[in-house]
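Using the hints, put the two chains back together into the complex; each one sits in its own frame.
The listed protein sequences correspond, in order, to chains A and B.
Just so you know, the numbering used here puts the end of the first sequence at 338, numbered straight through with nothing missing.
Just so you know, the numbering used here puts the end of the second sequence at 528, numbered straight through with nothing missing.
In case anyone wonders, no lab produced these hints; they're calculated from the structure.
Some hints here could point you the wrong way.
What the hints assert, rightly or not - Under the rule of at most 25 Å between Cα atoms (straight-line distance), these lysine-lysine pairs were calculated in the PhoX-like manner:
| hint | chain 1 | residue 1 | chain 2 | residue 2 |
| --- | --- | --- | --- | --- |
| 1 | A | Lys221 | B | Lys41 |
| 2 | A | Lys49 | B | Lys366 |
| 3 | A | Lys48 | B | Lys366 |
| 4 | A | Lys221 | B | Lys366 |
| 5 | A | Lys10 | B | Lys366 |
| 6 | A | Lys338 | B | Lys36 |
| 7 | A | Lys48 | A | Lys10 |
| 8 | A | Lys193 | A | Lys169 |
| 9 | A | Lys338 | A | Lys107 |
Nothing here was measured: the structure is a model prediction, and the numbers come from that model.
Listed below are the residues making up each chain.
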Amino acid sequence: MKTIAKENVKELLKSWTKQYQVLVPTRTTQGDCIFDTFQEDTFTLDYKKPPLPPKSVFFPHNEVIFQVVKNEFREVVSANNTILFGIRSCDMMGLLQCASFMTRDRKDVYYSAKKDTAITAVMACPGPQNETCFCTTTFSGPVAKKGFDLLFYDMDDVFMIEAGSQQGKDLLSSGQFIDVDDTIAREKIEAFKKKAVQSIPLVDEVNEAMNRLEDGTADEKVWERFGRKCIVCGGCAFVCPTCTCFNVYDHESTPGSGMRARTWDACLYGGFTREASGHNPRSTQASRLKRRHEHKLLYYNKTDIQGSLCGCVGCGRCSDYCPVHIGTLEVVKEIAAK
Amino acid sequence: MTNSINEFEDADLFLVTGSNTTAQHPLIGSRIINAKERGAKLLLIDPREIQLAQFADLHLRQNIGTDVAVLNGMMNIIIEEELYDKEFVETRTEGFDQLKSVVSRYTPRVVEKISGIPAHDLETAARIYATADKAMIVYCMGITQHTTGTDNVKTCANLAMLTGHIGRPSTGVNPLRGQNNVQGACDMGALPNVYSGYQPVIDPAIKKKFEDAWGVQGLDDKVGLTITDMIIAARTGDIRALYIMGENPMMSDPDTSHIEHALSNLEFLVVQDIFLSETASRADVVLPAASFAEREGTYSNTERRVQLSKKALSPPGLARPDWEIVCEVSRLAGYAMNYRSPSDIMKEINALTPSYAGITYQRLEKCHGIQWPCPNEEHPGTPYLHRDRFSKGLGTFLPCDFKPLAEEPDEEYDFVLTTGRIYYHFHTGTMTRRVSILEREAPEPLIEINPDDAKRLGIRSNDMVELTSRRGSIKAKAEVTTRVPRRVVFSTFHFYEAPVNLLTNPAHDPVAKIPEYKGCAVKVRRCV
Chain A
1 MKTIAKENVK ELLKSWTKQY QVLVPTRTTQ GDCIFDTFQE DTFTLDYKKP PLPPKSVFFP
61 HNEVIFQVVK NEFREVVSAN NTILFGIRSC DMMGLLQCAS FMTRDRKDVY YSAKKDTAIT
121 AVMACPGPQN ETCFCTTTFS GPVAKKGFDL LFYDMDDVFM IEAGSQQGKD LLSSGQFIDV
181 DDTIAREKIE AFKKKAVQSI PLVDEVNEAM NRLEDGTADE KVWERFGRKC IVCGGCAFVC
241 PTCTCFNVYD HESTPGSGMR ARTWDACLYG GFTREASGHN PRSTQASRLK RRHEHKLLYY
301 NKTDIQGSLC GCVGCGRCSD YCPVHIGTLE VVKEIAAK
Chain B
1 MTNSINEFED ADLFLVTGSN TTAQHPLIGS RIINAKERGA KLLLIDPREI QLAQFADLHL
61 RQNIGTDVAV LNGMMNIIIE EELYDKEFVE TRTEGFDQLK SVVSRYTPRV VEKISGIPAH
121 DLETAARIYA TADKAMIVYC MGITQHTTGT DNVKTCANLA MLTGHIGRPS TGVNPLRGQN
181 NVQGACDMGA LPNVYSGYQP VIDPAIKKKF EDAWGVQGLD DKVGLTITDM IIAARTGDIR
241 ALYIMGENPM MSDPDTSHIE HALSNLEFLV VQDIFLSETA SRADVVLPAA SFAEREGTYS
301 NTERRVQLSK KALSPPGLAR PDWEIVCEVS RLAGYAMNYR SPSDIMKEIN ALTPSYAGIT
361 YQRLEKCHGI QWPCPNEEHP GTPYLHRDRF SKGLGTFLPC DFKPLAEEPD EEYDFVLTTG
421 RIYYHFHTGT MTRRVSILER EAPEPLIEIN PDDAKRLGIR SNDMVELTSR RGSIKAKAEV
481 TTRVPRRVVF STFHFYEAPV NLLTNPAHDP VAKIPEYKGC AVKVRRCV
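With the rest of the complex left out, here is chain B (with noise of 0.2 Å):
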């Protein structure tokens, strides 16, 4: 997030596209809602009707992939109609000629025709946006889990700084992390291009700075795999063991026969996790690890807040903390890793990682967690980013165009899947699944299906549905809902007994290797 989640109390207009807030981040849904009652502005664009709809003072829903024509269709307006913010523009952008250039084919009726969204509202959306004085931009999975998954977050962020709607307290581009941590693992450098910080691999003097500080010679200064390439590399045979911590791709990855097919052309699988997931039950070695209550450490969470969490209980059985294990498989494979507690390790990243310098054991010790970029002991952290200039210097547009999804329904396949979460279940349900009351709430998978659709098809809520594309089936009850629209369906990949992720397709976004869980093809029918 470029802002904090305390910055919610005071904007006056949040844009939130492809984030079922109240659902997954329901502590920040919370704020937009009370920001309505205080008469801020709700613009939704997400082609599900979600809670958040109900508060919307507009609510766009767009056909699903088409993010980048809306977005660029709400600039085209904004510049037509001389809406745009030309002093942030001037001092602190460039390319705008060539992003004029780019979205003034984005007319009102051609996105219409795209996105399915009528003219006047795109043309209502951009007005509201544009001259709202803080706007927030709340996005999430929706816009990244797509092809164009870094088109759509460049589209963002170009409507932003067009409008001059960043760099200000409530006012800027915030992507929800959805796990507690995930921003820290990116910023500790879990990443193939990075080392923690964002300090690049391929750059000789970062490579040189590592190396002295670990004691050792030729760090690689190549970058290295996503999880999508491994997966692929695997099934070539040209990676032959994979170590996997944390994670469960034969659940939550796109294609599950294809991951199935990959894992099992391994020659060596490990799998380091706290519960025994259909990804560890193939693994020829598990390690088991603590989980949170089990151990020490920190979590940056999505406003960049460093917290530290301490332990409250011992770990059961043979459980270690992630990084002991980690030291542990390093000294056995000769390279002895000397750390003695999480604050050691912290005291390293502090020496190594220029934004999280002044974040010290010490101080989190006594505060609720501080927020990077923290330079030094004496720097408070920063609260919203990107002030005075953009850490490259001038914020550059990236113009990109619109391209529909990887595969489209067709007349056999005559529906979009599109996948998501609910309320009460995490990811691939391997911890809240085990949850009573969590459990009770959310048995079983459920199929949403528009009642139009249901009614052709013969459907009623609860009868039991096939869902077919090219990739495989899967059957669960379906919900009758007018949540999604017409000629979609929606499910989750929580549940083992209708893993969605055999359906969905592989196809990624080229850049950031990200799969389109938000759409492939599909058709429906009724089990008899």
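So here's chain A without its partners, still in its complex pose (with noise of 0.2 Å):
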């Protein structure tokens, strides 16, 4: 096993960005945390977690699929060697999560090409991040179990490394490492899974809440009244680590030449799933709450969780940013109640 001091992992990065777009939890003048590209003054070991998952890495908000010049076509692939540093256990799941659904009926090359040539370097977490906080009870958390190329435990003034790849193990042959006595490591490790794990509360309404979607006893008056405040702002989609869902258009700048793109999407807004007759079997906010919250629920394809729960990976964000309280932890626990 490997260790590195935390005065080191600034010169870490540093060297990293020689060949890699390095993307770290990054402390903006106004106090916010994000995560962007490595500057020395700007990177941040004090962080929680980040307001955004770092799904929009590889899928971005907005993508450009093909170009048209003067009626010439030309696709548009783009990557860029990407490690991804720091990053939560539960947005690893959500990562995988949404590789798995991208690639498995279908590769969806946009997104596989900035996947596959990723390393992602998990911070493993020592407790909740905030009071949200549920990976425990999705399994997905608080330490990665798999996807990751290195994962790092935060253990005082060192930090040690576990690697989960070739490419983790290669990452970690350089000197900037410092070896340390395996079982030694281990038992560390042991001791801090275990404490980080008693730290964060199981919630018992999202099993609970689970079982009676499958087995139709959850009370139905719980969407319309979730769907009589909802202010559909899509936002629970876009900060979601494992929300997928885009909208293709065209773009004409000038006649002959275009673009084609696609663009973020949300099952909450009413013209997703409105037909061309104009009948929409979603019709109301209600509904289109019942199916986004039964999709992480109920519906998810068994592949795509990639041995967690269920289509949620636990992260809280719905939770902490819906401006009206509808995020999974309340649905969950108005279903249970009733």
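In structure tokens, the structure reads:
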């Protein structure tokens, strides 16, 4: 097993920038934390749950698929060699779920080009990052079980690092890391995991709600109550690590030239399911909310969930950011209570 | 707003009128919904059954244009039942006797006749507003876009002062500003009568201050023209050239045929915008501007918060930030403006505008904005206004009498058309109609009509209907819905396919000159 002193992490990241685009937790001048390209003066290790998951690295908010210039067609598949440093375990599971969905039946080349060349360095959580974390319930944290190339454990003034792939091992072979006895490391890691898991309370209502949705005993009125107050911003889908819906559109810049692009979409928008006739099988906001949450808790694909509990990875962001408090936590609690 | 957005969290009661808050200010709307869930009360005064109606403890659906009567009626009851704040009225206000005498004519029965609101409901509304501890009035264009817009605003202020519901946290009068920087544009003196920070152009000392700062003599000390006046002057030939920035009057101003005539009468029209709008396509010269993401600068939002926005992209083609274009035009016209950056301009704003004196670039870099008034660099900003005194000293009651719509329905034009906006589009659609998802959500104009009227006229949802006013006519699909009351139709000005301002009445408020977008007479028929 390898370790690195915290004070040397900046140098490590700097050395990676020679070969990779390195995305790291970054402190903005206003004090917020985002993931952005490594810069010495804005990089920070003092961060909690980043407001946005890293899905946009592989699935940009807006992405050109092909361009037409003077009637000539050109496909656009872009990728950088990216290292994602410091992502959370729930987000690692989110990436695994997205990657499965994007390649299961048919390979999404635009997504895969970016995902296949990326390296993920996960930062294990020593405890809940805020009050909405419930990864222990969804089996997606606080420590990543798979998918990562590197996994960092915070051991006060050093990080202990586990490799999860050959690429990870290769990165660890540089002289910047110090060897540590495997047995001692394992013991420390087990203690870290035990403490972390114990500190994140289980949310029994998730399982209870899933059971009720499964056997059809969930109260339908729950959706009406939530549907009444939803302001249809779509924010829950945009902050969700596992939401992958997109819409495709064409833009003509001049006659004979233009582009086709895709852009994030959300199933909470009425037009998402409206048919050409004008008929909408999900005609109310209540039915759209129901569908969204059932997709996460009931109708998920068994392959896509990658060994976690369901289509939700327990990051709690929808509960953090929904302006009217319709997050997964609020929804499962309401279903379980009725 | 006299309050801050965060203060919605602690209010006990919201009186929302003329604001479809969840559609037009959704994040503020969401705070009202959350407040309802923690037990706050909501009093809604709006002719339409908007989303907030589902949360309202009481929804008063007044006849369009009767706001002064309704609010006077509430004050009548509050005074009759001695529910007003006597201490506040005595120590903070003047003109109470005059108010009392005017509102005494607006008994619940009289108001019921004018507004259609049952007397009993009005009494309930008056009592819950007057007896609330922390009450916020929230209003928007439904109050202002009337020939009585100024009267409506004064009457809201009268009601708040009468009950002492102003000058405290979570207690005040809150006009919601509709654009990210309309507050900032006003603050910067983009008005005909003031310099930045509302310093009057007619004040010789202020004039001198700006002449000294800009190194010029003879700045105009007369009040200029509003948009409404400019259009009239263009038509009569008193104005020969117009320079329009970021505005699309061909879609947004009332009585479009009239606007078209006025613009074509100009000798020279310059339009500065980010897209070739309906107005820009008529211009002699189009100056392409950079969009918000392509430039740096500050925005002042609805709660008076000045926020710094950084450049994320380079402008396409020949587009440049507005300030650069204005500086260049000025230089070519013979007066060199020597600003190197937006922060240079901000330094001048700080020096010349007392309410912005402490809002420096250096401070804005490090925070999420500062609320004016902020008189110096040590000042933290002002979350709510009128704490111990009004800026003029005592607050003067300015009672108003009810005046009807400039154009009331009659036998031929038997519906009231009220116009507004929907959630998915912004104004004349120059930006939002280019966004694929928004266009999918709301691809075409709709005309809302009540089921009773629809049945009588043989109209079903999605039928094409024609609306005709004395000024023009448009065709669009019908949406049969109880959202609108009987004898009222609603549509929006987002769609060039059915530009609703062909129909609206250019009659305007005598003071603010704002047109009566919220009510004009039309007739409705189903297209065959």
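Would the hint linking Lys48 of chain A and Lys10 of chain A be met if the CA-CA limit is 25 Å? Satisfied, since the Cα-Cα distance of roughly 18 Å is no more than 25 Å.
Proposed proximity, Lys366 of chain B with Lys10 of chain A (alpha carbon, max 25 Å): 24 Å, holds
With the threshold set at 25 Å, check whether the alpha-carbon distance from Lys221 of chain A to Lys41 of chain B stays at or below it. 23 Å, holds
Would you mind confirming whether the straight-line C-alpha gap from Lys193 of chain A to Lys169 of chain A stays at or under 25 Å? Holds - the C-alpha atoms of Lys169 of chain A and Lys193 of chain A are around 22 Å apart, at most 25 Å.
So if I understand the rule, the pair passes when the alpha-carbon distance is 25 Å or less; does Lys49 of chain A with Lys366 of chain B pass? At roughly 22 Å apart (the allowed maximum being 25 Å), Lys366 of chain B and Lys49 of chain A satisfy the hint.
Lys48 of chain A and Lys366 of chain B: Cα distance at most 25 Å? Holds, because 20 Å separates the two Cα atoms, which is no more than 25 Å.
Going straight from one Cα to the other, do Lys338 of chain A and Lys107 of chain A come out at no more than 25 Å? 41 Å, violated
Against the 25 Å threshold, does the CA-CA distance of Lys221 of chain A and Lys366 of chain B hold or violate the hint? Given that 25 Å is the threshold and the Cα spacing comes to 46 Å, the pair is violated.
Quickly compare the C-alpha distance for Lys338 of chain A and Lys36 of chain B to 25 Å and report which way the hint goes. Measuring from Cα to Cα gives roughly 21 Å; hence the hint holds.
Hint compliance for this structure: hints 4 and 9 are not met, and every other hint is.
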